[in-house]
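Student: Each chain is listed here by its residues.
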Amino acid sequence: MDKKDEKEKIGVYVCHCGTNIAGVINVEEVSTWAAENLKDQGVVISREYKFMCSSLGQELIQKDIKELGLTRVVVAACSPHLHEKTFRNACKGAGLNPYLCELVSIREQDSWVHTDKVAATEKAKAIISGGVSRVVYHEALEPLHVPIHPATLVVGGGIAGIQAALEIADAGFPVYLVEREPSIGGHMAQFDKTFPTLDCSACILTPKMVDAGNHPNITLLTYSEVEKVDGYVGSFVATIRKRARSLREADCTGCGICWEKCPKKVVDDVFEAGMGNRKAIYVPFPQAVPKYPVIDRVNCTYYIKGTCKACEKFCPTNCIDFAQQDEILTVEVGNVILATGWDLFDTRRITQYGYGRLPNVFTSLEFERMSNSAGPTGGNVVLRDGKTEPKVVGIVHCVGSRDKNYNEYCSSICCMQSLKFAHLVKEKTGAEVYNFYIDIRTPAKGYEEFYHRLLEEGTHFIRGKVAEISDATRLPSEEGKLVIQVEDTLTGNQLRVPVDMAILSAGLEPRHDSKALAKLFGISCSADGWLIERHPKLDPIATMTDGIYIAGCVQGPKDIPASVAQGAAAAARVMGKIQQKEIALEPVRATIHEEQCSGCRICNNLCPFNAILFHEDRMVSEVNPALCQGCGTCVAGCPAGAITGTGFSNEQILSQINGLLLLNVPKKQAVAA
Amino acid sequence: MTDKPETKFEPVIIGFTCNWCSYRAADMAGTARMKYAPNVRLTRLMCSGRLDPTFVFKAFAGGADAVLVSGCHPGDCHYINQNYKAMRRFHLMKRVLVQMGIEPGRLKLLWASAAEGAMFAREVNSFVEEVRALGPLNWNSNHVHTADHVMSVVAEGHEHEAEVAA
Ligand SMILES: Cc1cc2nc3c(=O)[nH]c(=O)nc-3n(C[C@H](O)[C@H](O)[C@H](O)COP(=O)(O)OP(=O)(O)OC[C@H]3O[C@@H](n4cnc5c(N)ncnc54)[C@H](O)[C@@H]3O)c2cc1C
Ligand code: SF4
Ligand code: SF4
Ligand code: SF4
Ligand code: FES
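Chains A and B supply the protein sequences, listed in that same order. End of the first sequence = 698 in my numbering, gap-free, step of one. End of the second sequence = 185 in my numbering, gap-free, step of one.
Derived by calculation from the structure, the hints in this document are not laboratory data. Glycine included, every Cβ here is placed at the ideal spot set by N, Cα and C. Among the clues, some could well be false.
[Said to hold, decoys possible] One-sided and incomplete, this derived list gives chain A residues near chain B with beta-carbon spacing under 7 Å:
#, residue
1, A151
2, G655
3, A661
Starting from the given sequences, assemble the full structure and let the hints guide the process.
Tutor: Here it is as structure tokens:
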């Protein structure tokens with residue numbers, strides 16, 4: 026490899042990080058070693074210090090830059106993902122281009138993962154040597170500045186998405202709120218009462234839905250889905266399919282005559298959780314926002330048989346449009362908030378609980394609809410026959426949660442939701458209620474108090490995981506009942522509890538298509554399918570991809586207050602970004618040197634962002650720096666070596682490899698001899 | 020394999036990680052204080068797609084006993100699908116290693132997500148053990164000299180094409 030003519034002046038700074046590093050690595054030895062053995066590479070000073078990231082530590086570096094005229098800096102400390110920015114800024118503060126600084130991770134990759142002190146110290150030397158060899162080939166770079174588009178895309182119109190959209194819109198910035206269903210509202214719209222205060226869900230949600238629907242800064246795109254996303258923070262371009270509602274929204278008054286006259290009844294599996302019907306032309310619920318119905322083309326008689334058109338006949342404003350096509354919109358936005366929420370665990374998977382086979386086993390969402398006064402039973406808690414009130418009700422916690430066979434995690438809301446149900450059953454029917462739980466988890470504000478209230482109301486609590494729910498009776502007292510078989514782990518007794526109705530408190534699961542959503546937006550999800558936050562403690566709102574934020578249950582199970590808080594937090598982050606007006610991007614980009622390019626076009630197909638264009642006239646390729654994301658695949662693929670990757674050049678990497686192996690060369694020879 | 024040194028052989032392994040998943044897996048192993056063998060020295064690339072085969076050969080030439088290539092799981096690459104390109108190059112490189120007389124077991128591909136710190140630590144440990152079993156890289160003695168053997172290695176998986184007269 027070509028040696029650089031002029032020697033760089035490199036400073037090496039080895040951090041103790043208290044005892045985090047110094048407890049395992051002999052920091053003094055490493056520092057002295059670097060000063061003596063890396064002279065050839067250009068090291069002119071090597072120091073160690075308790076906390077390099079402290080202001081005193083940073084000043085140490087700055088002083089050397091000024092007084093010794095350092096041209097390169099290597100800091101051996103923690104992961105660059107933690108403090109690269111800190112040290113780059115320190116260099117910048119002393120007049121050294123920030124990209125001439127290299128961070129070597131001797132904590133996450135060394136002292137924290139190794140116990141052999143000698144080996145860890147040797148490894149520290151090796152990786153510092155790699156960093157020094159690399160930094161020689163660093164170039165002074167300027168960040169790329171791109172303007173931030175002031176609009177935001179919010180995907181998912183549940184409570185988290187609504188909150189985020191409203192906060193941003195109220196601050197004066199445009200928002201596109203995309204919702205898959207015909208109305209916004211999400212799961213919260215299905216509930217009657219919300220724990221722990223038992224306030225009416227519709228009363229607190231509807232005003233927010235209406236606000237979002239009327240807001241001059243919010244473009245509501247319901248019955249719509251994002252199909253494609255291009256670009257990067259500051260300027261994403263999203264392609265959205267607005268499915269045909271089969272009516273002209275501008276003319277519709279939402280009077281409701283159409284769905285009244287529509288002769289086709291359809292079981293509503295979404296909003297009514299299969300407990301009730303809707304029509305083929307429908308709004309999911311009376312307070313829906315927007316108020317316009319949609320025609321469900323799969324079930325509409327006209328689309329099936331070619332006749333009917335009852336809605337069209339009766340519509341006073343003549344707005345039905347059977348020929349309407351899906352619309353494809355492209356919108357430009359600077360930031361994205363994903364708030365697509367959760368799906369309910371499919372209780373059919375636990376066959377021994379009998380859901381789908383035993384009529385009086387209900388899911389939690391079914392019970393929510395049943396207890397809702399606007400729901401299919403008018404708020405009456407009744408058995409599947411639609412009229413008989415239960416005298417004994419069993420509520421089974423943790424269905425599909427905290428179970429190695431299904432989901433290992435705790436769904437966090439189902440204990441409280443079960444307590445809420447117990448209260449509602451008692452209030453509405455006076456029935457005896459049994460809660461079957463593994464542990465009661467009521468950790469948020471006002472939750473433990475609610476649990477105590479339930480204890481006082483006389484609800485029975487049985488600690489044990491339900492083994493089976495069956496209609497096979499053994500005793501006369503079990504006749505006509507469902508029997509819940511459980512071991513009471515507090516007394517050690519096997520119990521058979523006869524009930525009229527069993528409610529399964531199913532867990533929350535990621536949306537069935539959460540992996541596809543993650544892929545669409547270029548972010549990651551955990552093995553379970555929840556989207557991964559940038560940091561589990563310090564940044565549960567951003568993702569690894571700049572400009573993409575997450576809010577609500579899409580990140581993991583949580584209750585309404587936490588979903589709202591996360592929606593608002595995501596909005597605050599986005600507004601902070603918008604206020605900056607432009608954003609500095611890492612200048613990690615590929616460049617093709619025209620004079621070396623043979624025009625083979627191999628690179629053209631390697632780029633997933635179509636950033637490489639081919640000039641037919643000159644027969645050479647060129648990278649569009651606005652589209653290039655800097656992955657470096659083309660750099661590695663060019664047979665002519667015509668492409669360089671800024672920040673990750675061949676020289677930098679090859680030199681680093683040399684440096685990493687510096688210590689070994691003599692050892693190797695010894696072995697060979 | 021020829022004579023092994025008396026003391027426990029400590030292989031030197033150069034590892035390549037991508038910035039988004041596998042480097043963060045290594046970070047995660049650190050944050051969670053999971054212990055693994057100190058034999059691997061990592062180089063950060065933006066993506067496994069950046070891995071120029073030259074880097075791997077350079078590492079071997081410079082004295083590494085083995086090379087670890089890691090990236091995001093297929094489908095999770097931060098740059099959409101560049102790790103598939105890395106995977107293709109990986110298989111090519113294995114082939115070339117064999118032709119050069121280097122045991123293919125000295126090159127390992129590892130997919131690791133940012134959450135898989137424990138897996139990363141485990142896999143590093145098992146790789147170190149595998150390489151320890153192979154012994155130090157001893158290029159000359161491994162070199163396959165017979166033309167027939169070279170041909171059979173080159174043609175592996177391409178038996179049909181190899182039949183065609185030159
Ligand atoms: C039975 C039950 C009762 C509950 N009761 C309470 C309670 O009393 N109090 C409480 O605090 N919490 C309660 N919870 C928890 C509560 O439901 C959640 O906290 C809340 O729904 C989270 O809101 P969200 O906006 O994140 O998700 P969601 O409510 O699921 O909303 C997500 C929205 O995104 C839309 N969407 C999904 N995918 C896409 C896509 N690809 N493109 C566009 N749009 C999409 C959906 O249609 C939906 O409108 C209960 C949960 C259950 C299961
Ligand atoms: S009858 Fe016409 S105006 Fe009334 S809700 Fe239906 S489509 Fe709209
Ligand atoms: S791969 Fe290299 S030589 Fe071929 S077109 Fe691209 S830049 Fe030019
Ligand atoms: S580095 Fe090359 S392949 Fe990667 S995004 Fe840029 S132009 Fe495309
Ligand atoms: S970014 Fe990890 S493999 Fe591409």
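Student: Give a verdict on every hint.
Tutor: Taking the hints in turn, this is what the structure says about them:
1. A151: holds (6 Å)
2. G655: Status holds, d = 6 Å.
3. A661: holds (4 Å)
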